[in-house]
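Can you make the complete structure from the sequences, with help from the hints?
Last residue of the sequence shown? That's 427 in numbering that gives the first Met the number 0, and every number before it is there in order.
These aren't lab readings, by the way, just hints derived from the structure by calculation. Please note that the accuracy of each hint is not assured.
[Said to hold, decoys possible] Once the Cα atoms are required to be at most 30 angstroms apart in a straight line, the calculated DSS-like pairs of lysine-lysine come out as:
1. LYS45 / LYS33
2. LYS120 / LYS33
3. LYS333 / LYS128
4. LYS326 / LYS342
5. LYS177 / LYS167
6. LYS50 / LYS306
7. LYS423 / LYS350
8. LYS306 / LYS323
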Amino acid sequence: MKIIFYLMIMGISAFATTLDALTEYAMHHSTVVKQSQAQRDLSEVKRKESKVQQYGELNLVGDYTHYNTARTLAPLTPTALGAGAPITTSKDIFYAGATYAVPLFTGYAQTRQIEISNIAKQMSDAKMKLTKEQLAYNVRSLYVSVLAQREILHAQIAYAKALTTLRKQIAYEVELGKKATIDLLKAKSNEQAAQTQVEVLKSNIDITKATLSALVGKKVGQLTALNIKVTRPQYSVNRLYAQANSLAKVEVEDMALRKADKTIQKSEASKLPQVNFSSFVGKNYGEDLETNEWDNETLWQAGVNVKWNIVDFGKRDLSVQQAKIAKMEATFQKEQTLLDLRKLLSQAVSKIKQNYAEYLGNVSQLKLSKKSEKIEEVRYKNDVSTLNDLLLAKSQTQLVRAKMIESRYNYQKSKYYLEYLLEKGVNE
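Structure below.
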């Protein structure tokens with residue numbers, strides 16, 4: 000029988016999901032990551048768009064125009080008039096050709112836009128990492144919650160079975176006339192309450208698993224237990240905060256500052272002259288009014304255009320001012336991010352210490368509660384105490400056991416939260 004039971008446990012464990020496997024699956028299938036990846040791809044497309052804009056545009060063009068008077072297919076020049084050759088004229092002229100235009104100098108606005116797009120791409124990469132860190136922490140937190148609820152459920156089932164055994168013993172003694180009927184009613188009431196709590200815990204586990212499944216992107220089944228070691232925390236907030244500059248959340252704020260600088264430079268570029276090159280080549284087609292024969296003329300031209308806005312009544316200055324205000328906002332945002340980080344690190348370290356102290360206290364309290372429960376069992380059997388005293392001792396033991404289990408898993412949760420703040424939850 001023991002061998003069969005062992006094989007059953009091993010079979011269940013073989014099909015159980017580990018935390019690492021579940022986290023890895025979430026990194027590739029969670030809709031949260033997919034949304035972040037879409038934003039990352041979008042920033043890459045915008046970066047490429049900014050880069051190719053510096054090469055200008057090549058367009059195929061064509062048109063048809065009907066005139067009320069005859070027109071030549073090409074402008075008349077002294078050379079054409081002096082040649083004496085017949086000149087084709089038509090009221091219906093078709094044109095087909097190509098144009099090419101490219102900015103030669105934009106006051107470095109294009110260069111700054113490319114740099115802004117590059118920074119935006121780097122920011123999206125960093126935000127992708129932060130998204131994965133957030134996802135990993137959420138998966139870990141829910142995973143640990145399921146394990147805690149499952150262990151509390153097992154303890155509650157054992158507690159309910161103990162109450163069932165007690166109720167049967169009391170029922171037997173009631174038949175013998177050793178115990179009062181009221182004790183049996185009290186025992187049944189507590190047994191029913193314990194069974195109800197079992198169902199509540201099962202429901203909570205199902206709810207937490209459903210939340211975890213939605214987050215991961217697949218249905219979550221049996222989960223593998225974690226080997227949690229509760230040790231005295233040895234953390235220094237100052238040493239942890241010293242790592243701040245290497246964190247992605249701080250790098251994002253640094254990038255936002257650099258992006259704001261480039262935006263200011265791009266706004267100032269509008270004060271410089273804008274130089275553009277444009278050209279076209281094509282043919283005009285038309286039916287000659289005198290001969291009714293179709294003819295064509297090749298036309299092309301190329302030129303450089305310079306535009307320098309001298310007065311815009313302060314529009315450009317206002318644009319630069321807006322960019323400078325945006326930089327100030329980015330500076331304040333970075334300062335706030337660092338302040339929040341120190342606060343969160345301090346809270347996380349304090350939470351770990353708090354959960355550690357609660358766990359030690361609950362372990363000690365559980366030992367005492369078990370001793371009290373055994374004493375009350377002996378006292379009740381010897382009719383020295385009432386059933387209420389025994390039931391109270393048992394319920395107190397179960398309550399402390401649940402708190403001990405919860406504090407142990409909360410300790411692990413708080414460690415995961417600290418790793419999330421320090422961005423150590425995901426191995427790139």
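Here is what the structure says about each hint:
1. The hinted pair formed by LYS45 and LYS33 meets the criterion: a straight-line CA distance of about 18 angstroms does not exceed 30 angstroms.
2. Restraint check: the Cα-Cα separation between LYS120 and LYS33 comes to about 16 angstroms, which is no more than 30 angstroms; the hinted pair holds.
3. For the proposed pair LYS333 and LYS128, the alpha carbon gap of about 18 angstroms is at most 30 angstroms, so the pair holds.
4. Proximity of LYS326 to LYS342 is assessed by CA-CA distance (about 24 angstroms); at most 30 angstroms being required, the pair is judged to hold.
5. A C-alpha spacing of about 13 angstroms is found between LYS177 and LYS167, which places the hinted pair at or below 30 angstroms, so the restraint holds.
6. A hinted pair counts as satisfied when its Cα atoms are at most 30 angstroms apart, and LYS50 with LYS306 qualifies at roughly 23 angstroms.
7. Pair hint LYS423 plus LYS350 holds up; C-alpha atoms about 18 angstroms apart against a cutoff of 30 angstroms.
8. Restraint check for LYS306 and LYS323: satisfied, since their Cα atoms lie roughly 26 angstroms apart, inside the 30 angstroms limit.
Checked against the numbered hints above, the structure breaks none of them.
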